[in-house]
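Respectively, the protein sequence lines represent chains S and Z. Quick note: the first sequence uses UniProt numbering, first residue 1, plus one each step. Quick note: the second sequence uses UniProt numbering, first residue 1, plus one each step.
Any given hint might turn out to be false.
Put simply, identical chains are the same to the list, so a pair is met inside one copy or across any two.
Taking lysine to aspartate or glutamate and the EDC-like style, the derived pairs with C-alpha atoms no more than 20 Å apart in a straight line are [to be verified]:
| hint | residue 1 | residue 2 |
| --- | --- | --- |
| 1 | Lys329 | Asp294 |
| 2 | Lys433 | Glu206 |
| 3 | Lys433 | Glu50 |
| 4 | Lys392 | Asp294 |
| 5 | Lys329 | Asp291 |
| 6 | Lys154 | Glu286 |
| 7 | Lys433 | Glu173 |
| 8 | Lys45 | Glu361 |
| 9 | Lys392 | Glu367 |
| 10 | Lys388 | Glu237 |
| 11 | Lys388 | Glu361 |
| 12 | Lys39 | Glu237 |
| 13 | Lys392 | Glu119 |
| 14 | Lys45 | Glu302 |
I should point out that these hints are in silico values taken from the structure, not numbers from a laboratory.
Protein chains: 2
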Amino acid sequence: MGDVTGRLAEIVGERNLLSGDAVPDDYAHDESLTVGAAKPAHVAKPATAEEVAALLALAAENDLPVTARGSGSGLSGAARPRENGLLISFERMNAVLEIDTANQVAVVQPGVTLAELDEATAEAGLAYTVYPGELSASVGGNVGTNAGGMRAVKYGVARHNIVGLQAVLPTGEIIRTGGKTSKISSGYDLTQLIIGSEGTLALVTEVSVKLHPRLAHAATLLAPFGDLDQVMRAVPEIIASGLTPNILEYIDNLTMAAISYNEKLSLGVPDEVRDATQAYLVVGLENRDGDRLDGDVQRAGELLGELGASDVYVLDGGSARKLIEAREKAFWTAKAAGADDVIDVVVPRAEMPGFLAKVRELAAAAEAGAIGCGHAGDGNVHLGIFCKDPEKRHALLHDIFAAGIAVGGAISGEHGIGQAKKDHFVALEDPGKVALLRRIKQAFDPKGILNPDVLFD
Amino acid sequence: MGDVTGRLAEIVGERNLLSGDAVPDDYAHDESLTVGAAKPAHVAKPATAEEVAALLALAAENDLPVTARGSGSGLSGAARPRENGLLISFERMNAVLEIDTANQVAVVQPGVTLAELDEATAEAGLAYTVYPGELSASVGGNVGTNAGGMRAVKYGVARHNIVGLQAVLPTGEIIRTGGKTSKISSGYDLTQLIIGSEGTLALVTEVSVKLHPRLAHAATLLAPFGDLDQVMRAVPEIIASGLTPNILEYIDNLTMAAISYNEKLSLGVPDEVRDATQAYLVVGLENRDGDRLDGDVQRAGELLGELGASDVYVLDGGSARKLIEAREKAFWTAKAAGADDVIDVVVPRAEMPGFLAKVRELAAAAEAGAIGCGHAGDGNVHLGIFCKDPEKRHALLHDIFAAGIAVGGAISGEHGIGQAKKDHFVALEDPGKVALLRRIKQAFDPKGILNPDVLFD
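Looking at chain S on its own, in the form it has when it is part of the complex (with noise of 0.2 Å):
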């Protein structure tokens, strides 16, 4: 097998390889709460696409499990190494390789974060409409992802805004999917395939992905309201009316208090209202146009009190970015309040009102928490679990999982099974497909080097 090290520094440079002790404590880990760190026995840092072929060429030859890594912001483990394993970090290939305005496309290296994509854009009028919480967050690992965020409701999920790829397959080639167009017909839909592959089919060097125009003019309704479910059933007409609301989320009371109180937000809501709201809807509106835009917040106004609404505030410019800030930081603010996870079913968004019923029994039933947040306009629930007990906890999430497929929802909408939930997704899947799934692994990997932890064993 020859002296691992010393290739892999051939191949990456010294500088660009950790081995050993010298590897930080921060590459055993990704956001997930319950999966435990594992350093990995190296971490190479290529910096084009020729030297991640080297890299994957090598670990074949030597049997080397392999994970890629963005930012280490995903929650699900799927970036957590294996011990003994060889860990490829993205971070040197982070280059905005074209903002093509022409075509409404950038080209990013996978490891650019969002923040300093929606840089970039910015100056041309444009965005990379993916917002996921955490703008730290990196491309590729939007990529492995399927990341969504608040934008999804208006401009769709990760899969739906990146049109090409470049990518290293565990078998050596580099390979180019897509491109520039919306639409291809020649071919299986490799892009679409690896997208939301959680690092387990190819490793991605090169993103294109689609630009929107900036709209000029956008308000934020916050709408208080008695009872979860009205909430709940709010989402549907609120969709159906056309207003094509650019953020669609949910907040219940607890979730709302802790982050205000986080956030140190004063959004203007009286005692008397805050203190009879189970939930809150948060309306985001956006427009070229400032008059139509107040047009379409004066009818969402109307709409909201007749759904059921107890009061609507349109928030000023500072209190509404507060507010969605605060909103994307809820995952740390249910970290920080003690949640022994977070999860993120997805449902058809009409099954909302049904499933959260079913979770409050569930959770009920096991003497736990399950409180959060979510994007009500796609469906998708974000909880935070408090159950100490981890046997407990299993059996609840086994239960939540079950709920949401039952009503033709899937175990998450955007944070991906990784490691944290495979033992729940090959449990409650139809063996027929994961058996399938594992051929199709095995056609991109047929020596399972790429993430041999991550979605089954």
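Following the hints, put chain Z in place on chain S, whose structure we already have.
Using the frame of chain S, we list chain Z on its own:
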């Protein structure tokens, strides 16, 4: 091997099986101009997914090649069966199972035509927004080809509007993928992988499609340009304007002459303008609010003038409808005019001027004709090819496809590769990528029974 005919009849019922001389000619071909007819040994018309599964099990047992057929309106020969093979026609699986207004999803069987689905959704004020020219096309065919059409510039193609499938694997399992949600991050996206796979991976037995609200107000603008390049350069500017057209088509002057003549169109363009025109842009706008639409029409008219249109005509409802219908029939016009092939290369939209200049050059050198129209907003160029000699035509197509790929495009934007273009596909695609596609095919279809002549051999 037993009596295959008898066992097929047992599965679908005797009157739903046609064998030997009883097979009508229609089942021997689709609408491809170049893929010759081939009569299958059997045509089976199943009514349920279970019958499809039984048919595939029998086919696998007997190494019987299987081709799926929707309406037979495809243009690449993907529904042309093997002689001695089994054609599975989905004509009896033609029920609209559900119009779910709360989730804005329709669930249909694959044999439902677009016209039928359009009628069923209209009652709810909703629409499945994939409108390829041919409304007799089936939803199952849409899945197979990843169909596009004129509204894709605003609403995306089939891939962006199909959220879930039930499908039968060639290994016999019936699986479900996706659901009524727009986002899922729970394993590889089999929905997306099956879409566009042209009947080579699985047979689709149920389709869940996203529905959009039908907007009450619409307008169509027709803008003649003296110069084809100018048309093409206008396209990215219109997209960047934020007017969000739902139609953005170009029609070259020869094609406009042919469709106007065939469909008896009278668009109010004076002779002297027409004679100085090289190509037209058709811009569709829609809004839920009439005043907003008027504002957009005004703005679009000004913009088209600034971009070099020699005039702008706002068509009345009747003329607009006739023009759109005539454009949708452009394939039939080209066929009637004696076109020897019709292709639909897709390129990044800003690359259209250069690509079309190259096409003109290649066609002139081959003493051939290449005229057409296309989905300009998507960079999807539809060309009627006039070149009688098969060898010269093959070489010309090779060069045109290569020119499209060279600027970051692909052989087909929405028609698919089928049997018609597979030689070009294999010749021009990266061999490493084709090898991967073959391994994926193998993962689904180890015995190679599904459409063995499509995409690659």
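Here's how the hints hold up against the structure:
1. In the homo-oligomer, the alpha carbons of Lys329 and Asp294 never lie at most 20 Å apart, since the shortest distance is 29 Å inside one protomer and 42 Å across protomers.
2. In this assembly of identical chains, the alpha carbons of Lys433 and Glu206 lie at most 20 Å apart only when taken from different copies (16 Å versus 30 Å within one copy).
3. Proximity of Lys433 and Glu50 under a CA criterion of 20 Å is satisfied inter-copy only: 17 Å between copies versus 34 Å inside one chain copy.
4. For the homomeric pair Lys392 and Asp294, neither the shortest alpha-carbon distance inside one copy (50 Å) nor that between copies (61 Å) is at most 20 Å.
5. In this assembly of identical chains, the alpha carbons of Lys329 and Asp291 never lie at most 20 Å apart, being 32 Å within a copy and 40 Å across copies at closest.
6. Proximity of Lys154 and Glu286 under a CA criterion of 20 Å is satisfied in both settings, with 10 Å inside one chain copy and 18 Å between copies.
7. In this homomeric assembly, Lys433 and Glu173 come within 20 Å of each other (Cα to Cα) only across copies, at 8 Å, whereas the closest approach inside a single copy is 27 Å.
8. With identical chains, the CA atoms of Lys45 and Glu361 are never at most 20 Å apart, being 47 Å at best within one copy and 46 Å at best between copies.
9. Taking the shortest alpha-carbon separations for Lys392 and Glu367, only the intra-copy value of 9 Å comes in at or below 20 Å, while the best inter-copy value is 76 Å.
10. Proximity of Lys388 to Glu237 under the C-alpha cut-off of 20 Å is found in neither arrangement, the shortest distances being 38 Å within a copy and 57 Å between copies.
11. In this assembly of identical chains, Lys388 and Glu361 lie within 20 Å of each other by CA distance solely inside one copy; the values are 18 Å within and 72 Å between copies.
12. Within a single copy, Lys39 and Glu237 get their C-alpha atoms no closer than 49 Å, and across copies no closer than 51 Å, so neither meets the 20 Å cut-off.
13. Proximity of Lys392 to Glu119 under the C-alpha cut-off of 20 Å is found in neither arrangement, the shortest distances being 45 Å within a copy and 50 Å between copies.
14. With identical chains, the CA atoms of Lys45 and Glu302 are never at most 20 Å apart, being 54 Å at best within one copy and 52 Å at best between copies.
The structure shown violates the earlier hints numbered 1, 4, 5, 8, 10, 12, 13 and 14.
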